[in-house]
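Chains as they are written, first to last, in the numbering used here: chain A, 818 to 1344; chain B, 818 to 1344.
The set of hints was computed from the structure by calculation and includes no laboratory data. Fair warning: there could be bad hints in the mix.
Pairs involving identical chains hold if they fit within one copy or between any two copies, as the list cannot separate such chains.
Below, simulated DSS-like cross-link-like pairs (lysine-lysine); rule was C-alpha separation at most 27 Å, straight line [what the hints assert, rightly or not]:
1. Lys1131 with Lys971
2. Lys1210 with Lys1174
3. Lys1074 with Lys971
4. Lys953 with Lys903
5. Lys1131 with Lys1190
6. Lys1210 with Lys1185
Since the model is a prediction, treat every value here as computed from it, not as a measurement.
Here is what each chain is made of, one letter per residue.
There are 2 protein chains.
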Amino acid sequence: MTMDKVFLYDTTLRDGAQGEGISFSDTGKVRFARLLDDFGIDYIEGGFAGSNPRDRRFFEDIRKEQLTHARVTAFGSTRRVDVDAKDDPQLAGLLAADTEWVTIYGKSWLMHVRDVLRTTADNNVQMIADTVGFLKAAGRQVFFDAEHFFDGYKDDPAYALRALGAAVREGAAGVVLCDTNGGSLPHQVFEVTRQVCAAFPGVQVGIHTHDDSGLAVANSLEGVRAGARQVQGCVNGYGERTGNANIVSVIPSLELKMGFRCVGEEKLRKLREVSLVTDDLANQRPDPRQPFVGRSAFSHKAGAHVNAIQKNPKTFEHIDPEQVGNQRHVLVSELSGNANVMMKAAELGTDVSSLDKETTRAILEEVKRRENKGYSYESADGSFKILLQKVLKKHTPFFELEGFRVIVEKRGRDEPCLSEATIKVKVNGETELTAGEGHGPVDALNAALRQALTRFYPEIEDITLTDYRVRILDPQEATRAVTRVLIESGDGVRQWGTVGVSENIIEASWQALSDSVEYKLYEDRVK
Amino acid sequence: MTMDKVFLYDTTLRDGAQGEGISFSDTGKVRFARLLDDFGIDYIEGGFAGSNPRDRRFFEDIRKEQLTHARVTAFGSTRRVDVDAKDDPQLAGLLAADTEWVTIYGKSWLMHVRDVLRTTADNNVQMIADTVGFLKAAGRQVFFDAEHFFDGYKDDPAYALRALGAAVREGAAGVVLCDTNGGSLPHQVFEVTRQVCAAFPGVQVGIHTHDDSGLAVANSLEGVRAGARQVQGCVNGYGERTGNANIVSVIPSLELKMGFRCVGEEKLRKLREVSLVTDDLANQRPDPRQPFVGRSAFSHKAGAHVNAIQKNPKTFEHIDPEQVGNQRHVLVSELSGNANVMMKAAELGTDVSSLDKETTRAILEEVKRRENKGYSYESADGSFKILLQKVLKKHTPFFELEGFRVIVEKRGRDEPCLSEATIKVKVNGETELTAGEGHGPVDALNAALRQALTRFYPEIEDITLTDYRVRILDPQEATRAVTRVLIESGDGVRQWGTVGVSENIIEASWQALSDSVEYKLYEDRVK
Chain A
818 MTMDKVFLYD TTLRDGAQGE GISFSDTGKV RFARLLDDFG IDYIEGGFAG
868 SNPRDRRFFE DIRKEQLTHA RVTAFGSTRR VDVDAKDDPQ LAGLLAADTE
918 WVTIYGKSWL MHVRDVLRTT ADNNVQMIAD TVGFLKAAGR QVFFDAEHFF
968 DGYKDDPAYA LRALGAAVRE GAAGVVLCDT NGGSLPHQVF EVTRQVCAAF
1018 PGVQVGIHTH DDSGLAVANS LEGVRAGARQ VQGCVNGYGE RTGNANIVSV
1068 IPSLELKMGF RCVGEEKLRK LREVSLVTDD LANQRPDPRQ PFVGRSAFSH
1118 KAGAHVNAIQ KNPKTFEHID PEQVGNQRHV LVSELSGNAN VMMKAAELGT
1168 DVSSLDKETT RAILEEVKRR ENKGYSYESA DGSFKILLQK VLKKHTPFFE
1218 LEGFRVIVEK RGRDEPCLSE ATIKVKVNGE TELTAGEGHG PVDALNAALR
1268 QALTRFYPEI EDITLTDYRV RILDPQEATR AVTRVLIESG DGVRQWGTVG
1318 VSENIIEASW QALSDSVEYK LYEDRVK
Chain B
818 MTMDKVFLYD TTLRDGAQGE GISFSDTGKV RFARLLDDFG IDYIEGGFAG
868 SNPRDRRFFE DIRKEQLTHA RVTAFGSTRR VDVDAKDDPQ LAGLLAADTE
918 WVTIYGKSWL MHVRDVLRTT ADNNVQMIAD TVGFLKAAGR QVFFDAEHFF
968 DGYKDDPAYA LRALGAAVRE GAAGVVLCDT NGGSLPHQVF EVTRQVCAAF
1018 PGVQVGIHTH DDSGLAVANS LEGVRAGARQ VQGCVNGYGE RTGNANIVSV
1068 IPSLELKMGF RCVGEEKLRK LREVSLVTDD LANQRPDPRQ PFVGRSAFSH
1118 KAGAHVNAIQ KNPKTFEHID PEQVGNQRHV LVSELSGNAN VMMKAAELGT
1168 DVSSLDKETT RAILEEVKRR ENKGYSYESA DGSFKILLQK VLKKHTPFFE
1218 LEGFRVIVEK RGRDEPCLSE ATIKVKVNGE TELTAGEGHG PVDALNAALR
1268 QALTRFYPEI EDITLTDYRV RILDPQEATR AVTRVLIESG DGVRQWGTVG
1318 VSENIIEASW QALSDSVEYK LYEDRVK
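Chain A with its partners taken away, still in its complex shape (with noise of 0.2 Å):
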């Protein structure tokens, strides 16, 4: 038995840019296009080639590299209402972009064509039909996105179809079928891409969808069941308003549950490498929600849940995370019992077998005595770590701390506020008392400690912090009230999340730095 293919269209640097915050360098656009080419994506859309300067650029760059797998293909539009298709500076944009393939979009609801182009019925489609017998003709491969295709089915089936056959009997590759305000539901876009694969059998019909409704994934998939096996979307559902449909959440359905092939089960494993990378090059941060890729995706939280795990893992896991090259992780939270600590415990490298019950209780006491006074260890590893090594008496402190004070002085009402911090720790015997400033206190109290502690250990230098919230525990306290601080940080190699708390910010800011430094140091050592 062969499997269908399902081609994938990643559309990532054209609609994914249009997102708020989305943005590559050019650089970046490249790297990506590797990326994806290596992942097994099969058409890799570039950008407006014939509008903006930009994507210009990224279709010179692109060329100078050899893709071993995915096509490139530039976008655009049917040409302008009164004007040839030969005289279109756009589409003249568009062939000098010099890709094989070539995808423009056209408009195939009459409701567009009348309040937007301003244009009869009749001359829409003959823009189609033009345009795609002026790309044909000059030696390209064409793909046509129908704009608005859902809807403009449920208003007029027949012109909605007679948009399409335009472009099918000029020569397109394959026609697409776009819910571009993303107001369809997966039962609609079933029945209608049915019609669709129906009325042009053996035709390449590609489903393209937004997630307006939070149905992006779902309609793809419904879309690829009525007949489309082209599926257009965007890594990590980047977009305009609230996204496209993620390519991420859709090809692990169609690989493993639906019986398709796109990448293959090998480059599968590749999944939650290609998201993270993806963010990085976007300058995102990675959603840890996010569906079978998400750093919480197969957390694994209530007691019952994890008990269950150990058991039998399908009992609380639809797929197994390694073929989308995610991991299992266990929370430790105010649910938590025995099972949870002790299986964090082992996930963090501590044989727990070899632990007598003396000591497994004094794990347990601990975390609770600590989750009661504030501490969480959810996101917080690095700190739960060096936790278990201190109830283990295996922690070796790496410095001691002397003593720290920090200033914050303002000197009048629009004076910027400055910030000093002073450090003395001690190492091995050694003690090193030193100055810094920063943004605001924890900044300023970061940068002293680090300028103590590199003279002994410069491989602090290579630490970033990533992230650092803050909490109110109770909010009702107003300024008195707990505080717990989470800092993320990471060397390149590693990232690792640290925990603080106490009534004061500063201390509690103090205590999720210097486990954040101690836990690098530690694991330097040991690895």
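On the provided structure of chain A, position chain B as indicated by the hints.
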């Protein structure tokens, strides 16, 4: 024609609270329940009544409240494998919650019966029957949540239906089909739900889905299309792993697109507010891309879309944003929010009809400028009013800051942090220099400020700070991130919020503190 009613069952306080980082305070839970009651949610699941002490507190608290519409349900499980229902402490705890409605979950997948419960198929069915019967005899209305129903049905349809049948025969008010692992596809959910509805005519069938495949919303809608008339989910899609079905996304599609009645059109306009207030109570950052209610959900970048929108909003919007309490944003336009800002100014007592165009524009520009810096006035009426006064040149400063200094000091690893502040202010030409100490730097600064001003304005002793919240706006900037501080104050008569923004948390707190005092002094004088 009467529209079919779909009952909404919220499990934010139980299943949602399992989500990483989600935590409600005790008073927050009650405020949340009142919010949902007011919005028209039918059932509010309050928590694990039988096993969690903090959840038990909620049931005590909520009994004192008068809810107008919603029913509070207590959550528990079927009796233990080897114990009579009447002797099961968990069920005793469930009854002790003293709610008219209870929901119990039980097994319907043989693999779970075998591998997790480690009992027989027959005994599991008996456990369901016993438990429902016991609770009915105790005068409760019972919902039965069939855990892993879709996986169970796939594995052995007859057994899955038998489990439901046991609950129905004993008088359950409804049976709920759970896709506990979140792995089912929309067409599978439709088909299975259809068969269940056919097997149990006249019984209320519910649908409870998880978002592990990014399909929870679609699966809920397909369940309803197949005959389910109860939807279980969480506000904003909170929940373990990737979250539960987001009822904020489910409701508008049911109500506006599928012709069902949920909360009604009028209440639906509060959807965005429900989403935002819930994020606030759970201390979550609102997702700007959330379907329907996110800040970006109806954002249009300048260019073709905006042009089209101006000609006809339907061209690029699937619904009218006002139907869900949201609004259109044109990303480059300065005019967005015009109406809002002016409405707010009027609400705060400014006679906006008397303002000339210049002044109106000046106000809008100042608000825009500050919002770009990270200020947010949604819960900071106090700061907004002071800002208005400043633009209208009606601001009278009650004191002038000459400077402050805050010192935080720690003398050894296990010593507490000491916080002291000195402040110098000028009032009517007189300079006052005072000091204060506190639990943290902001507490100390607050103490010093009050100390300095009391001589001139004894009424500031009436001010209590009732809430202090800190939000890191760009967490990836770590310790140099921009920080937003929100303070809520009260004086026994009024409540007001103020805001400050800076890279330095002390400076941000100072802004909010001094606005709080100025607002109080101003209001006392105009009244």
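Of all the hints given earlier, name the ones this structure violates by number, lowest first. Result: hint 5 breaks, nothing else.
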